[in-house]
Amino acid sequence: MSLNNGFKLPRRKLLQGGAALAAAQIASPFVLTARAADTVKFGWDNPLTGVYAEPGKNELIGAQLAIAQINAKGGILGRQAELVVQDSTSGDAGVAVQVARKMIDQDKVNFLIGNVNSALAIGMAQVANEKSVLMMDPGGHSDTITGATCHWNVFRICNTTQTEANAIAPTLIKDYGKKWYYITPDYAFGHALEAGMVKACAALGGTRIGGDLTPLGTSDYSAYLIKAEAAKPDVLIFLTQGTDMINALKQAVQFGLDKKMNLAGAQQELEALEGLPPEARVGNWVMEWYYKQPNVPHVADFNKLVMAKSGKVPTARTWFGYAGIWSCALAANGAKSLDAVKMAKTLQGMHLPPEIALCPDGAFFRAGQNQLIANLYVGKALHTGKDGPDDLFDVTDVVKGTAVAGTLAETGCKMTWPA
Amino acid sequence: MSLLQIDHVSRHFGKLIAVKDVSLTVEPGELRAIIGPNGAGKTTFFNMISGFFPPTTGTIRFDGEDITRLTPEQRVARGMARTFQITEIFPELSVAGNLRIAVESAAGFRMKPWLNGVQKKLVAERIDELLTLGNLTASANNEVGALSHGDQRAVEIMMAMALRPKILLLDEPAAGMGDQETYDVSRLIRRVHRDQKLTIMLVEHDMRVVFNLADRIMVLAEGALLAEGTPDEIAQSDVVQQAYLGKEADLGKEAA
Amino acid sequence: MNGLKQHYAKIIVWAILLTIPYWFTYVGGYLGLANEIVIYALAAMALNFLLGFTGVLSFGHAAFFGLGAYGTALTIKFLVPSTLVGLAVGVLTATVAGMIIGALIIKRRGVYFAMATIAFGQLFFFIANRWNSVTGGDDGVGNWHRLPINLGFAKIPLFHNSLVYYYFTLLMFALAVGAMGLLLDGPFGRSLMAIRENERRARFLGINIELHVWISFVISTAICGLAGGLLALLDNFVNPRDLRFDLSGVLVVMAVMGGMRSFWGPLLGAAIFQWLREVLSSHTPNWQTYIGIVFVLVVLFFRRGILGFKLSTVKS
Amino acid sequence: MSQLLLFNVSNGLITGAFYALMALGLSMILNLSGVINFAHGGFLTLGAYFAYVLQQRIGFFGALLIAPMMTAVLGLLVERVLIRPLYGRDPLYSLLLTFGLAFILVDGVRIIWGPGSPPYQVPEWLTSPLSATYFFLTGYRVFMVVLVVTAVAALFYVLNYTKLGLRIRAGTKDLETLSTLGVNTRILRNLNFGLGIYLAGLAGALAAGFLGLSPALGTSLLMPSFVAIIIGGLGSLLGTLLGGLLIGVAVGLTTVFYPAASEAVIYVMLGLVLVLRPRGLLGEEGRLH
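Protein chains in written order, with the numbering used here: chain A, 146 to 564; chain B, 4 to 259; chain C, 80 to 395; chain D, 155 to 443.
One chain only, chain A, in its complex shape:
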């Protein structure tokens, strides 16, 4: 259904906003007082339309849940939290950057949140850094965000692609073999994920025997699959995401490739498994969060809340949005300030409380990189739900993030703080 329910409109006090911007240019103290009386604003610059609309929607549900909880618990520094939502589109970085700039300059957001699309997240990070606003990236995976192009003010919930690759590689080598063939989406995320997989695989003695870069939004994978079949690999690795994942897997299974070789990949999402016909729900994957964790406290409560709100079980995306917003709130309350530098310092190294971490070994932001390190869930896709229709993933191994995240030096992050 539409996103209208719960879509909170940014309250636009036209004159006041206008005055704020005009005043900001001459740095009038009036703005600061006007701001203090206001709400604490989260600028949600994330996809609502296009190929990433589904993960974007689920992240938003998590975020809205977090905002409600924060406000119920007294808000941030005694002020109410408010989500300012605008569609970043799924691929137009110009829009995402423009929205980011507007949210910071005009809406005076205290936090900038986004983006599912890593390229957009990178563009937003540049703006956030330029304007010294704390940015939280819930679900854009490109390694550079907390690696080569890291910033002191940019934090991330979801994992780096290298972490995901490290988590799954041992299983695939052990169970299936060493010759891997790749179907990789042709953008930064795909390239990084493939590089990560190749590295993790090589470390265990495996090789890349071939692969193809497929454009984002490819609908027909038949030509690539014919090439893959001819290469006769042990494992056919799918690194595509979203609709691309669905198309590629669906066609591979129709071609009977699942009977000739092993289908697997790194990152998998519940959203994608739900879009596949049962026979195409195959292969070994990593999930970054899974709703069925009977022995972890608070997960059941979280599931119940999300079910009540959206009628569906939470996915990793829901948790990303939820944990992202809560982390910001914890940073502000911990720092007792909305100053970005103070909040960033608080957030670095911070361990999330269990009701927000929602994973067996806890989660923390690794200082020097600003990356959340949590658990990863390795397992197999299921044709049909085991416990309920949404239980489409059989977790065989819960991996500790600390074990697969690599060293800080490997990330390549060199952080400089503002003077």
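What the hints contain is simulated information worked out from the structure, not anything from laboratory work. All figures in this text were calculated on a predicted structure; none of them were measured in a lab. Be a bit skeptical, because a hint or two may be false.
As the list claims (entries may be wrong) - Straight-line alpha carbon distances no greater than 20 angstroms define the calculated DMTMM-like cross-link-like pairs of lysine to aspartate or glutamate that follow: (1) C:Lys-186 to D:Asp-244; (2) B:Lys-123 to C:Asp-264; (3) B:Lys-115 to C:Glu-289; (4) B:Lys-124 to C:Asp-264; (5) A:Lys-404 to D:Glu-278; (6) C:Lys-186 to C:Asp-264.
Once you've looked at the hints, dock chains B, C and D against the given chain A.
What follows is chains B, C and D alone, placed relative to chain A:
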């Protein structure tokens, strides 16, 4: 030397032969009319002369030069101008605006981004001349689309005149006009012809116009040359009479 | 009379554009939006030079916009760290592409021309999207930014001061728009309008249609490229969406909405469209539906555009 | 290697047949009405989602039968209400209108069915390969090709042997004359539009089975169809068919040798055709210039 010399021109459209081996010469200062029943190939013939498409065989020489394969623009540059059966003007512009484009193009300014004072004056004077010649001064600033049919025709002829052509080709100048308008247009053509000593070639259905204006008349029938001569000769020609009457009787067949 | 009106229109337009940073916030806008409006308006006016004043429909102008953007971004990032050189290369790239594509399709008209421009536009989209090693593929070109202009005696702080960049954009806008206005007011511009009004008559006045349309096409693509370059500099970022067919359609709708026959129409169209998009996308996730409805309504009810009065630019 | 080539050529023909189905509808509308239907991809998507909804109630084959019809009915309605007022006006307007309509259709699908990909169930006996060697010949794809061939044959039969078809063909050549002969060209254009949209709906219902459902499903298929029409030649349906198949094969082959150019290749073909044979492979000279 003849101004226009057409030798053994034919034009095929697939299996259809629209014009069949027609030859013709037009002398400087002459007013030549082409007549013929519907479907006689007049318009095709006319279009080949003005450069819409080249003839399948045959040559067209203009002012001593072979222009058989030249584009319309190139023919215009060599001094050929024409009007159309359905008036072709710039309907959303004023009369003067229409003439301005023609005058500027004729003066070779059509690629210039701007004009200097001398050039502007030159253009303005020429527009005034043409307005006077076409009897259009009163409506100079009116939008052409709103003018009467006859005045629109006058504008079109004046646009052609702006090019200072050596020959003016008029395709049914009186088509679709009432008596008064036909009379006005005839007078205009005569004026242009006499005063400017201009060679004119016209296709026309209205026999009053043709016999009133033409020095010589050429008759086409079924794509071929049927007769040629002075208006008197043509009027008395049995072949022509027969062709027209015969065609009239067979009109139904021809239309199909 | 008409001339006087146009004179006033010009004064009003420039007064608004020059002062907008100082009052736009009071009506709910912001500087970035104003800057975008000026840039898209430039692109739409460039398109309209071809569409409204030459009567030729291109539905692939996003390609040239994007080429300008990529040319600018890649030059600054990899070749010469200079805003002006980058912009010049961007414009040149778009112009050369316009020359080649123009030469290929110039003999086609109407529907055929439109389809060919759509298709060729997409060629550039796919090149940008797949030629990863150069264009960064779907991720676009980031991690560079516009640089201050060094005049020798002073530096113009383009990067850190968005207000300065706005006026830089406006200066470029003024130069390009001034050039187009001058052309349209002269014999060459009148030849173009002659082609629009009646191609057959224009041809038989000795105007070389193909040559004129080609030149008009190239001018239009060059200025569109300039607009693209300016957008790249505004965002400090380009990605393949800057040359996708969606944008071509948006530019056309800006021109049509504002009024194709009016010189300033596309500016108004761009302002309304960008403002609508801004308001809609911050109020509803279904904003694209509304944008679609805007397209339909413009076609059905704003045939001549908002400034769609008949403009007799060709005066005596 | 030669096997890989053979596989990709045959596979290209299969995808090409699918492009052709979409392009034929587009071409019909363009030929008779002069409308470049940008919303064609949107209608295809709608056809796919109609099939998705119907398939849960009346099964796969029922959906395949009804969904295209539902799409066609919507097409008739759209033509009647939105497109008809634009006939006789600059093609710019219909292009813009359908462009906006494409926005509405794609976004509408997202609003109604959500942005995700609902699973589409194809009968089990169709989902497996027919032979282990020719694994890309799945039951479904063979079925699809058979259906496309049938549909194209039916279309050409209709156009050549029925009164409606003959009128459509005559109207493509000279609509004015046709209307003076007393044919109601309004109804003719309406039916023709509906027929074109029916083909889009059929393509959509078929696509649902081998591509994933998503609101953007049809958008990516639109451009290749445009190119197929220009390459084949404006005004010639046979040319469109040929163009679609050629594109499929070209894409397949490029994917083997130089995958990065697999999308660009069709535009290179387009450029070559425009230079070497401007009217397209089977286009009539002088048409629609």
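For each hint, the structure was consulted:
no.	hint	result
1	C:Lys-186 to D:Asp-244	holds, 18 angstroms
2	B:Lys-123 to C:Asp-264	holds, 12 angstroms
3	B:Lys-115 to C:Glu-289	holds, 16 angstroms
4	B:Lys-124 to C:Asp-264	holds, 16 angstroms
5	A:Lys-404 to D:Glu-278	holds, 16 angstroms
6	C:Lys-186 to C:Asp-264	violated, 26 angstroms
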